[in-house]
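Participant: Chains A and B, in that order, give the protein sequences.
My numbering applies: residue 1 is where the first sequence begins, and numbers increase by one.
My numbering applies: residue 1001 is where the second sequence begins, and numbers increase by one.
None of these hints come from the bench; they were simulated from the model.
Keep in mind it's a predicted model, so treat the numbers as computed, not measured.
Treat the hints with care, since some could be wrong.
Facing chain A, from chain B, some residues (calculated, C-beta under 10 Å) [stated by the list, open to error]: (1) I1011; (2) L1015; (3) F1018; (4) F1029; (5) A1034; (6) I1036; (7) G1044; (8) V1071; (9) A1121; (10) G1124; (11) A1137; (12) K1143; (13) I1155; (14) I1175; (15) I1182; (16) G1187.
Some residues of chain B that are not near chain A, with every Cβ distance over 12 Å (derived) [as the list claims (entries may be wrong)]: (17) K1006; (18) T1010; (19) E1013; (20) W1019; (21) K1023; (22) K1046; (23) E1052; (24) E1053; (25) V1095; (26) Y1117; (27) K1119.
We put the beta carbon where it would ideally sit given N, CA and C, even for glycine.
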Amino acid sequence: MKLLLMMWHFFKTGLFAFGGGLATVPFLYEISDATGWFTHQDILDMLAVSESTPGPIGVNMATFTGFKSFGVFGGICATLALILPSFLVIMLIARLLKKFQDNRFVKGSFYILRPASTALISAAGFNIILAVFFDAEKITFDMFGQLGEMFTHINWIPIVIFAVVFVLMRIFKKLHPIVFIAACAALGIILKL
Amino acid sequence: MEKESKFKETIKECLILFWTMFKIGVCTFGGGYAMIAIIQRELGEKKKWIEEEELLDYLAISQITPGVIAVNISTFVGNKRRGVPGAIAATLGVVTPSLIIITVIAAVLTNFADNEYVKHAFAGIRICVCALIINAAIGLIKKSLIDPLTIVVYICVFIVAAFTNFKTVFIILCIIALSIVITLIRGCRKK
């Protein structure tokens, strides 16, 4: 019974969390307050674990919570409950798209949406770069007035590694990205980044 | 007999889908955006299952629909290859690695994220994720910025997304409204 209730909570989270994994965080706080299955501190711990493991953050959170409360089976159930709503919504949209793919409004929308989603990816990359290249906590956009101070917080080593990795990526296009990920992880440990 | 071989074909294709998305799930460090580089490579260049334009469409739709972006894209890809069974196989494939990894971590290592080595390794991986995302973005820019209007859209959305706190859902909905207006204007002109 409690398991069904948990699945219901994650189903709701999956249904209302728009725009990626971190959108699930406020819902997790709600579940915590409503049920007491896990504490706010647990959520922070989960976030830290999710950031340092592969996989979508939302899924990681659901697995972790489910496992903590109900064991392996709980982890599986919570994850399935979380992804079910988006699965259903996407299947519906895929059907509709097939039906209306030649509609001029649909075509027109995608013509504009493509550069827009490219811009969103670029912006996400830009934000991560800011956080990696500069001491993220000390740098805010208000500081554009004080560019001089910004340069005192530059992390030079990551910038150099980034430049090298990026150039290598462009040269060795055939190499699988996991090679670069593993190499960077090793460098991180060796250099104590 | 024919039905049976068709059934076998579907099963085989679903297993391939599951395994491909499983591998992508293992490589996805740092959230959905890092995954784009891997999907581009595995499903676009290698398997030729989807075009870069399609990937961008899926991505835009994922921003305005609920749920994790990686899951949404997997569902789309699976559905395109093999309908409902394909979608189920692909979606389960992409979440299984995290399911296993997180369960193991939760069971064995209570303070995994506080471990010094883990922290250093992930500081390194974050740098790699930057390079991956920029690399992916360059490929997508080449495909999607095809005329002055798309370039203007790109610049505007980039500025809004990078420097303001507007929600992504809101940005995409505005873009859709804009596109409807543009389509209407163009329709009028043609007449």
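Participant: Return the status of the interface hint for B/A1137: holds when the least beta-carbon distance to chain A is below 10 Å, violated otherwise.
Facilitator: Since chain A brings a Cβ to about 5 Å from B/A1137, closer than 10 Å, the hint holds.
Participant: The output says B/W1019 does not contact chain A. Does that hold with a beta carbon cutoff of 12 Å?
Facilitator: 15 Å, holds
Participant: For the hint on B/L1015, just tell me whether its beta-carbon gets within less than 10 Å of chain A.
Facilitator: 19 Å, violated
Participant: Hint check: is the beta carbon of B/G1187 less than 10 Å from a beta carbon of chain A?
Facilitator: 7 Å, holds
Participant: Taking 10 Å as the limit, does the beta-carbon of B/G1124 come near enough to a beta-carbon in chain A?
Facilitator: For B/G1124, the interface hint holds, since the closest Cβ of chain A sits about 2 Å away, which is under 10 Å.
Participant: With 10 Å as the cut and Cβ atoms as the points, is B/G1044 at the interface with chain A?
Facilitator: At 13 Å from the nearest chain A Cβ, B/G1044 fails the 10 Å test, so the hint is violated.
Participant: Over 12 Å to the closest beta carbon of chain A is the bar; see if B/K1023 clears it.
Facilitator: For B/K1023, whose nearest Cβ neighbour in chain A is about 9 Å away, the distance does not exceed 12 Å, so it is violated.
Participant: Taking 12 Å as the cut and beta carbons as the points, is B/T1010 off the interface with chain A?
Facilitator: The claim holds: B/T1010 sits with its nearest Cβ about 17 Å from chain A, beyond 12 Å.
Participant: Confirm or reject: B/K1119 is not an interface residue toward chain A, with every Cβ-Cβ distance exceeding 12 Å.
Facilitator: Nearest chain A Cβ is 8 Å from B/K1119, so the label is violated.
Participant: Could you let me know if the closest chain A CB is still more than 12 Å away from the CB of B/E1013?
Facilitator: 17 Å, holds
Participant: Taking C-beta pairs only, is B/E1053 more than 12 Å away from all of chain A?
Facilitator: Its Cβ does come within 12 Å of chain A, the nearest being 6 Å, so this is violated.
Participant: Holds or violated: is there a CB of chain A closer than 10 Å to the CB of B/I1036?
Facilitator: 6 Å, holds
Of the numbered hints listed earlier, those contradicted by the structure are 1, 2, 3, 7, 21, 22, 23, 24, 25, 26, 27.
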